[in-house]
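Number of protein chains: 2
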Amino acid sequence: MKSEILATGDEIRSGALIDSNSAYIAQHLERCGVTVLRHHCVGDELQILTEALIDIAERARIAVVTGGLGPTIDDVTTQAAADAVGKTTMLDQKALDSIEDFFKSRDRSMSSSNKKQAMLPEGADPLYNPVGTAPGFCLDIKGCLFFFLPGVPYEMKKMLKEQVLPRLKAMQGDQRRFCKVKTISTFGLPESTTGERVEEISDIFPELRLGLRASFPDIQIKLYAEGTDENHLNQQIDKAAKWVLDRMGKKAFSVDGETMEAVAGRLLKKKHATIAVAESCTGGLIAHQLTNVAGSSDYFQFSGITYSNESKIRVLGVNPDTIEKYGAVHEETAKEMAMGAKKLVGADFGLSTSGIAGPTGGSDDKPVGTVCIGLATPEDVFGYRFFFPFPSRSMNKSIFAMTALDILRRSLL
Amino acid sequence: MKSEILATGDEIRSGALIDSNSAYIAQHLERCGVTVLRHHCVGDELQILTEALIDIAERARIAVVTGGLGPTIDDVTTQAAADAVGKTTMLDQKALDSIEDFFKSRDRSMSSSNKKQAMLPEGADPLYNPVGTAPGFCLDIKGCLFFFLPGVPYEMKKMLKEQVLPRLKAMQGDQRRFCKVKTISTFGLPESTTGERVEEISDIFPELRLGLRASFPDIQIKLYAEGTDENHLNQQIDKAAKWVLDRMGKKAFSVDGETMEAVAGRLLKKKHATIAVAESCTGGLIAHQLTNVAGSSDYFQFSGITYSNESKIRVLGVNPDTIEKYGAVHEETAKEMAMGAKKLVGADFGLSTSGIAGPTGGSDDKPVGTVCIGLATPEDVFGYRFFFPFPSRSMNKSIFAMTALDILRRSLL
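Chains A and B supply the protein sequences, listed in that same order. For the first sequence, the numbering used here assigns the number 248 to the initial residue and increments by one for each residue that follows. For the second sequence, the numbering used here assigns the number 248 to the initial residue and increments by one for each residue that follows.
Please note that a few of the clues may not be correct.
Identical copies look the same in the list; a pair holds intra-copy or inter-copy alike.
Distance condition first, Cα-Cα at most 30 Å in a straight line; then the derived DSBU-like pairs of lysine-lysine [claimed, not checked]:
1. K404 x K518
2. K613 x K404
3. K590 x K572
4. K516 x K497
5. K429 x K363
6. K389 x K249
7. K498 x K427
8. K427 x K590
9. K469 x K405
10. K517 x K498
11. K404 x K469
12. K498 x K363
13. K249 x K362
14. K469 x K362
15. K497 x K334
16. K363 x K469
FYI, nobody ran anything at the bench for these hints, they're computed from the structure. Treat the numbers as computed from the prediction; the structure is a model and nothing was measured.
Isolated chain A (complex conformation) (with noise of 0.2 Å):
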């Protein structure tokens, strides 16, 4: 069955406002095996949405529509949706009903716009709203089945839930298809590198497809399997992933979107180990990073921003003769800041940064994007560098935190 997703409103067409209904409506309706072919957003004009619908209509056999269900007058979806089967709206006394207890329940009187709310186009089928005054409601438009939902994400996902979704598995019956994702993160190659690596996979596995994701700094493998036996697809999905793993090696750090701190973590949990951070350029992105996971209060101890170097000596305990001779970004004022970070608190594993994250402060020595990175293990420590040519503060931020959460990961391993 194939689908057609439609969001309304001048917020979301004029930019104001980002649609994040229809990838929530997507994800769902592909894994409930109902194909979505495209996409669209439309303003507030009725004339322009009318259209909109008949489009759709022509191409997809269901549609789901989201937005301009509400009491005032821009919201035009009802009437739309009304032009475009050549009908008139009516007042649906069910639809009605449920707004009305919608405010009995909440003590709140009902105001007399929100009687336009149980207007229906005729031929229309209500979907009752738990959780908010607009009702939805379903109606064939020229053969296709359009489901019409309030644009408030939270009513429109119960109802997506609750009252779409149930109907679109019971209309497929033994004719189901499936569609299986698993994505497999993958960091320190190239997009055009990673894509090169994997490319066979078309040959070994011809019933999946295969696509790539920049979700920068990481690149996400994604393998899609699309068929009616479930278990078939599972198998197949399951098999191609570790290949995609044995292809990709240590570059491939985890299934199924786990975020490279949360392995760390999960690393460094197994262990038993602990780790104290030391971070310059990086400015407690790395300890935000960590501390985003739930329950990095059993291996998280301490991070120390020391921007300063009066701030590395004073409270990492770093050698100022280090700084002197071979200057604050550095494989040794980094291994330095390691150790520090790790002796001040007594934890197992120290990790720091120091670099310049820009837009100012480089040199033709060390130029914007250059980045040390210290490591203390329980036995050792090692020091690294590293130079990324990202344009952006935020950008070499980013990728000089995941660079170090790496190596504390491979070393994890």
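For this one, chain A is given, so just place chain B on it according to the hints.
What follows is chain B alone, placed relative to chain A:
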């Protein structure tokens, strides 16, 4: 001039990725006086993509397409553009040179698959990509001028600003319409109360349109003005912004999108003051935000991410008796943390957070969402306690950090 926007790629079509490019493009086209009629999204299937291009060409005079210009086999946008005009793709020497330059400037070697990116539809005009390997191009398809840009947001943004918008302005000549927007960022009131406080604006400035946008944790008040007389629009919108700032008082922290951390940093710099931070529950987010601002090394000296009690005592010199008596999450502990960080590196201000970001760790007395904040000024030290009712760790970290920075900002006013 009427325009449409098309995002391509299976990740977006299938919902694995939320399309933020189209909103960005819509905003910039509208500001430039180009009306956006519709957005669309299709996957990586050549035929569907080609049909979408022809569809758009029938309605719009301008179109912007993102994605599918990469080096891999699932990048089919260039071929679709060629098919839409019934031409073949040809090696474009200028495009090839720019890709080679890109790799040379980064001391990397060009892979053979990147050469594919220099194949453009016959008759296309290449658009130089200064920050990536995929050149864009523009091409007339059935009377509609299409701009094809890469899907990587920072590449797209740079090319849109430098190469697309100037052309569109030139095309409009004397007929140019202007769309002005002014954003006032506020923090500390819910969306509904913010709306009520400024709702009279439509009586006082009837030419302007008001928009509210909840961009957690702050609320943005947006003022829109549209017309052909640029000076008049600027005057109106400036007057209205002053009115809004007056109504919102200290709850308004910036105009035109300056972040809370940039405002706090600017105020510190103006006072030639420095800051040290001590973070527990915010886990480095405050340091990360402060150091995201270029030039922050002028005032940011140090942050200690002290998750464990031991590190609060060892690194910041918090009195163990204080923690024993009051607990780690308490105004008194927060005050000692702020003073400790300030003293440790000799800064003028100290700012601290200690709280419970969740999902676990809460108690009846101090539920998830509780945060204590300490502020040490050159003269004094203050302790605060807040409770926020949010369900997620990342929302709590975010609003805790924002609240702390807001306390710092207000003390610097």
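To see whether the hints hold, each was checked on the structure:
1. K404 x K518: neither (35 Å within a copy, 44 Å between copies)
2. K613 x K404: Classified as between: cross-chain Cα gap 28 Å, same-chain 45 Å, threshold 30 Å.
3. K590 x K572: both (23 Å within a copy, 28 Å between copies)
4. K516 x K497: Cα proximity of K516 and K497: one copy only (20 Å, versus 44 Å across).
5. K429 x K363: between (42 Å within a copy, 28 Å between copies)
6. K389 x K249: both (15 Å within a copy, 28 Å between copies)
7. K498 x K427: within (23 Å within a copy, 47 Å between copies)
8. K427 x K590: Neither way: K427 and K590 sit 47 Å apart in one copy and 55 Å across, limit 30 Å.
9. K469 x K405: both (24 Å within a copy, 28 Å between copies)
10. K517 x K498: within (21 Å within a copy, 46 Å between copies)
11. K404 x K469: both (22 Å within a copy, 26 Å between copies)
12. K498 x K363: between (53 Å within a copy, 25 Å between copies)
13. K249 x K362: neither (34 Å within a copy, 35 Å between copies)
14. K469 x K362: Answer is between; shortest inter-copy Cα gap is 24 Å, intra-copy 44 Å.
15. K497 x K334: Answer is neither: 60 Å inside a copy and 44 Å across each miss the 30 Å cutoff.
16. K363 x K469: Between copies only: 22 Å across chains, 43 Å inside a chain, cut-off 30 Å.
When the structure is compared with the earlier hints, violations turn up for hints 1, 8, 13 and 15 and for no others.
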